[in-house]
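*Asks:* Protein chains in written order, with the numbering used here: chain F, 70 to 291; chain E, 5 to 431.
Possibly wrong hints are sitting among the right ones.
Unchecked claim - Output of the computed footprint for chain F on chain E, the stretches with three or more beta carbons under 8 Å from beta carbons of chain F:
1) 17-28
2) 163-169
Said to hold, decoys possible - Now the in silico label distances, taken between C-beta atoms and shown as ranges:
3) E:A350 to F:A272: 43 to 51 Å
4) F:H75 to E:A149: 55 to 63 Å
5) E:F270 to F:I163: 44 to 52 Å
6) E:N104 to F:I163: 41 to 49 Å
7) E:H83 to F:I163: 15 to 23 Å
8) F:V129 to E:S90: 35 to 43 Å
9) E:Y42 to F:V165: 31 to 39 Å
10) F:A119 to E:L205: 38 to 46 Å
11) E:D100 to F:M158: 20 to 28 Å
12) E:L205 to F:V165: 45 to 53 Å
13) F:Q103 to E:T219: 17 to 25 Å
I should point out that these hints are in silico values taken from the structure, not numbers from a laboratory. All residues carry an ideal CB built from backbone N, CA and C; glycine is no exception.
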Amino acid sequence: MQYCSHCQVCIRGNKRNCPLCGNILPEDDGAYDQQEIYPVVPPFYERHLALRIMIFASVVALVVSFVVYALFPSSINWPVFALFGLISMWLSLIIVIKKRHHITKNIMWQVTILSFLSVIWDWGTGWRGWSLDFVVPILFVSAMFVLYVTAKIMKLRARDYITYFLLDGLLGIIPVIFLLFDWIHVLYPSVISVAVSIIFLSAILIFQGENIKAELAKRMHI
Amino acid sequence: MRQRKSVEWTRLDNASKIFPATCSNKDTKVFRLACELYNAVDPEMLQEALNITMDYFPFYKSVLRKGVFWYYFQTSDLHPVVERESDPVCAPIYLDDRKNLLFRVSYYHNRINLEIFHALSDGTGALWFMKTLVYHYIRLRHKEAFADQIPEFKPNASISEKMDDSFGRYFEGRDLDILKLMDNPNKAKTARTYRIRGTRLDENKVKVIEGSMSTKEALGLAHEYNATLTVFIAALFIYALHKERPVRTKNDPVVLSVPINLRNFFQSETTRNFFSTMNIGYPFGQESPDFQDVIRGVSEDFRKELTAESLNQRLNQLMSIEKNLLTRIIPLPFKDYSLRLASKIADRGITAAITNIGQILLPEEFKCYIRQFSLCSSARMPHISICSYNDRLAVSFSSPFRETEIQRTFFEFLSENGIDIEITCNL
Numbered sequence: 070m071q072y073c074s075h076c077q078v079c080i081r082g083n084k085r086n087c088p089l090c091g092n093i094l095p096e097d098d099g100a101y102d103q104q105e106i107y108p109v110v111p112p113f114y115e116r117h118l119a120l121r122i123m124i125f126a127s128v129v130a131l132v133v134s135f136v137v138y139a140l141f142p143s144s145i146n147w148p149v150f151a152l153f154g155l156i157s158m159w160l161s162l163i164i165v166i167k168k169r170h171h172i173t174k175n176i177m178w179q180v181t182i183l184s185f186l187s188v189i190w191d192w193g194t195g196w197r198g199w200s201l202d203f204v205v206p207i208l209f210v211s212a213m214f215v216l217y218v219t220a221k222i223m224k225l226r227a228r229d230y231i232t233y234f235l236l237d238g239l240l241g242i243i244p245v246i247f248l249l250f251d252w253i254h255v256l257y258p259s260v261i262s263v264a265v266s267i268i269f270l271s272a273i274l275i276f277q278g279e280n281i282k283a284e285l286a287k288r289m290h291i
Numbered sequence: 005m006r007q008r009k010s011v012e013w014t015r016l017d018n019a020s021k022i023f024p025a026t027c028s029n030k031d032t033k034v035f036r037l038a039c040e041l042y043n044a045v046d047p048e049m050l051q052e053a054l055n056i057t058m059d060y061f062p063f064y065k066s067v068l069r070k071g072v073f074w075y076y077f078q079t080s081d082l083h084p085v086v087e088r089e090s091d092p093v094c095a096p097i098y099l100d101d102r103k104n105l106l107f108r109v110s111y112y113h114n115r116i117n118l119e120i121f122h123a124l125s126d127g128t129g130a131l132w133f134m135k136t137l138v139y140h141y142i143r144l145r146h147k148e149a150f151a152d153q154i155p156e157f158k159p160n161a162s163i164s165e166k167m168d169d170s171f172g173r174y175f176e177g178r179d180l181d182i183l184k185l186m187d188n189p190n191k192a193k194t195a196r197t198y199r200i201r202g203t204r205l206d207e208n209k210v211k212v213i214e215g216s217m218s219t220k221e222a223l224g225l226a227h228e229y230n231a232t233l234t235v236f237i238a239a240l241f242i243y244a245l246h247k248e249r250p251v252r253t254k255n256d257p258v259v260l261s262v263p264i265n266l267r268n269f270f271q272s273e274t275t276r277n278f279f280s281t282m283n284i285g286y287p288f289g290q291e292s293p294d295f296q297d298v299i300r301g302v303s304e305d306f307r308k309e310l311t312a313e314s315l316n317q318r319l320n321q322l323m324s325i326e327k328n329l330l331t332r333i334i335p336l337p338f339k340d341y342s343l344r345l346a347s348k349i350a351d352r353g354i355t356a357a358i359t360n361i362g363q364i365l366l367p368e369e370f371k372c373y374i375r376q377f378s379l380c381s382s383a384r385m386p387h388i389s390i391c392s393y394n395d396r397l398a399v400s401f402s403s404p405f406r407e408t409e410i411q412r413t414f415f416e417f418l419s420e421n422g423i424d425i426e427i428t429c430n431l
């Protein structure tokens, strides 16, 4: 075993320096045939390079678009669109990355965020009503199918997806408000969304009622 | 019709609640129990021993999940797999939204490691698991030696006792006034506590320097100073911290956070968390910095804090916060933020931490197979962990910093007093 004469301690493992005082240890014979006590862990690989490149590209794109607009003005203030476009993209992307280990939760987050973003974009570009007419109800309905297919493909257990089914079923009924208050011009996406949601909800409540009750008791305990 | 299997879940106990909220890459809230043998570990037999051990500790099959208001444990059908050690010491275990077990078992040459996320269990609970694992491993590995008689090793509690939430059993959390809690009478007089600054290690690694020595010699030295081993090491730690700090902070008190095993005060056999913490300090500004005096001060503090009455009071307070309707209906993300903030504020009053899980007992016949046990943990500030087996006392010093002055002063004091020390370091 190696010995540090400064600290007066024996040192296990094959060290060049004393872990306490940092002095070089004498290379006495036979000291190096010792077993390592701890494995050497290689340095952590920089995994987020792709993300950094994307952030950098976003910044460059924004600066360039504002510069171009300043030099060649046009009637539409398009760099602002670029700005909000990038913000929207990043909002959605951040959730995708943060919730990547929980696919069903991720889908629900995307539905919520994309619905809000579509309403905001619609409102910001002169409220032509396309968000409520089409985007929101279609998102709700397609999420139901996506959730169902994901659950089947990934062989998820009822307890892992049932709450999100319930949540999406409830969201899908929301377009009934658009219909009642006459906020929309095109009826069929909303009507389909409400109808499909009611059928979907009744199915899960009838067939998975106990599971839903148990899941809610677990997730909502105070 | 298919039978529906009900999903089993349990609430987190009072002490566990802080860990999922405050764990991060910088402080993973993971601790490690290691057992070094005289022979190389056989991974297949270790796996077999682990499988047997799991049957005795069903709670270790839990995964941690997020609810709307609280975290909860959910039973899983995952099987732990023994792996060769390849991660840094106390690497993260709990990661948001990932359904993995809250502990891992690995081996490296002669050493068996058990790393546990603190929400699952405390040191004493983990030690029971470790002892069971080591017992079955040695029994299997050295079958021929125990051909006539297998040493006896009884599970010390029923399965349900092991899964007990003892906080809920012993502390009612009478509805105390939160405002009264805030103005703690001790608060006004406490000066600014000394806090160590240093250069963090790359990738948030922890530097573990472990000094292993003879228990008898260390005890002898402690007795020379009329102190118990824990008091002696705590006082030496405070002394080393004081000696190595910059002059401008010389008058600030040095405070150690010390966990208390509540099983010693309240009857419980749980393998889940059942501990509380106390702060032991020495006011260098007012008292003499002589080592003898530090020991006297520390020993006095231990005596004052370690009474059933003061424990009762503190735990009832903590329980009443948990049981308060207002805290209960705050959604989880906000709870996480407030717990993180509360723990940051509490950290301001602490310089370092020290844990002693004491002597580890296993059947006599195992002495010739086991070299030593050791305990270490992730650290946001320097942290000493102590345990002993047979005549080997392992004092592990975990630190997030590159500097080793405090460690050197600490171990130098012991070696200068005639104790033979073997040092191991992970970096």
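*Asks:* For each hint, tell me whether it holds in the structure or not.
*Replies:* Hint-by-hint comparison with the structure:
| no. | hint | verdict |
| --- | --- | --- |
| 1 | 17-28 | violated (count 0) |
| 2 | 163-169 | violated (count 0) |
| 3 | E:A350 to F:A272: 43 to 51 Å | 50 Å, holds |
| 4 | F:H75 to E:A149: 55 to 63 Å | 43 Å, violated |
| 5 | E:F270 to F:I163: 44 to 52 Å | 46 Å, holds |
| 6 | E:N104 to F:I163: 41 to 49 Å | 23 Å, violated |
| 7 | E:H83 to F:I163: 15 to 23 Å | 34 Å, violated |
| 8 | F:V129 to E:S90: 35 to 43 Å | 39 Å, holds |
| 9 | E:Y42 to F:V165: 31 to 39 Å | 51 Å, violated |
| 10 | F:A119 to E:L205: 38 to 46 Å | 26 Å, violated |
| 11 | E:D100 to F:M158: 20 to 28 Å | 23 Å, holds |
| 12 | E:L205 to F:V165: 45 to 53 Å | 32 Å, violated |
| 13 | F:Q103 to E:T219: 17 to 25 Å | 24 Å, holds |
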